[in-house]
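Build the full structure now, drawing on both the sequences and the hints.
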Amino acid sequence: MADKFDDDMLDDLFAAAKSDARQAPSPDLLARVLADAEAVQAELAATPAAASVAVQKTGLWQAFLAAVGGWGALGGVAMAGVAGVWIGVSSGTALMTNTLGLDLYGETAQTYLSDLDVSYALELGAEE
Amino acid sequence: MPYDQQEDTPDDALLVLFANGDGAAARTLTVRLTPRVFAQAFRMLGDRAEAEDVAQEAMIRLFKQAPEWRQGEAKVTTWLYRVTANLCTDRLRKAKGVALDAIPEPEDDAKSAAQTLQDRARADALQAALATLPDRQREAVVLRHIDGLSNPEIADVMDISVEAVESLTARGKRALTTALADQREALGYTDG
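In order, the protein sequences belong to chains A and B.
When the letters of the first sequence are read in order and numbered with numbering that gives the first Met the number 0, they come out as residues 0 to 127.
When the letters of the second sequence are read in order and numbered with numbering that gives the first Met the number 0, they come out as residues 0 to 191.
Source of the hints: derived by calculation from the structure; they are not laboratory data.
Don't take each hint at face value.
To be verified - Some but not every residue of chain A turned toward chain B, in silico, with C-beta under 10 Å: (1) D2; (2) D6; (3) L9; (4) F13; (5) A14; (6) A15; (7) K17; (8) S18; (9) A20; (10) D27; (11) L29; (12) V32; (13) Q40; (14) A44; (15) A82.
Quantities reported herein were computed from a predicted structural model and do not represent experimental measurements.
From the three backbone atoms N, C-alpha and C, an ideal C-beta is built for every residue, glycine too.
Have a look at this one:
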């Protein structure tokens with residue numbers, strides 16, 4: 000089959016091209032590229048202030064964003080904050096009771112530390 | 000970081016080290032990436048001297064880009080393939096026809112030569128056939144079938160759709176087959 004034969008031939012030719020040692024760079028080229036690299040590094044070192052400031056500015060913000068999980072996570076934090084404020088405002092004093100069921104808002108009764116922790120009551124008793 | 004400890008360091012991390020003045024990173028980047036750039040340029044241009052100039056220029060551009068490189072945003076090799084391809088295209092436009100003449104003809108006595116010589120003749124024949132392709136077809140075929148990039152990667156390098164890449168490589172292979180049709184036997188291929 001001609002198509003299959005041609006495909007096989009091309010694959011073989013591509014393989015020959017891949018392994019062609021003449022496509023390796025000469026040592027001279029590598030030396031020139033390395034010399035260029037060192038020259039560019041020397042230029043960069045000559046202007047360290049601007050470069051390092053740019054890197055630092057990007058670095059800190061990127062690090063913060065990465066730490067919190069990116070822009071999506073920041074949006075989530077903002078939404079949670081807004082939701083918290085809304086719950087606080089809309090519920091009035093309904094949520095202002097502690098785990099003992101006492102009203103901490105203080106409209107209906109005085110609240111003492113001894114209501115929260117009986118050890119205070121004992122200490123007060125001892126002082127009296 | 001010593002040179003021999005950087006073999007597994009990703010390209011973009013090496014660029015950051017390079018921008019911070021790390022000499023070992025300069026050597027690792029040079030040794031790791033120059034062969035790829037040179038090979039790509041050689042396949043597109045068919046001329047060693049021209050390919051060396053392009054490889055050197057592409058690497059300089061990469062080094063100068065290092066301080067502004069954003070990690071994780073672009074793949075270093077993809078960026079390099081694109082820069083190298085553009086530099087090659089510029090040269091081909093400026094010297095249309097010159098590179099074609101510089102490509103050596105396949106050796107006539109390849110069939111009787113040793114395997115390495117035959118491989119060399121085959122590589123030369125392919126190179127000559129590649130040179131007959133339109134620039135974009137050649138670029139797509141080289142990236143796909145010799146450099147081994149995936150179609151999406153090539154689409155990124157050439158700034159075209161994956162479908163366009165598929166079309167270019169398919170047409171390129173058909174054109175190569177036609178260009179090589181009368182050399183099959185000389186290159187040691189017989190339709191059995």
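Are any of the numbered hints broken by this structure? If so, which, sorted upward? 15
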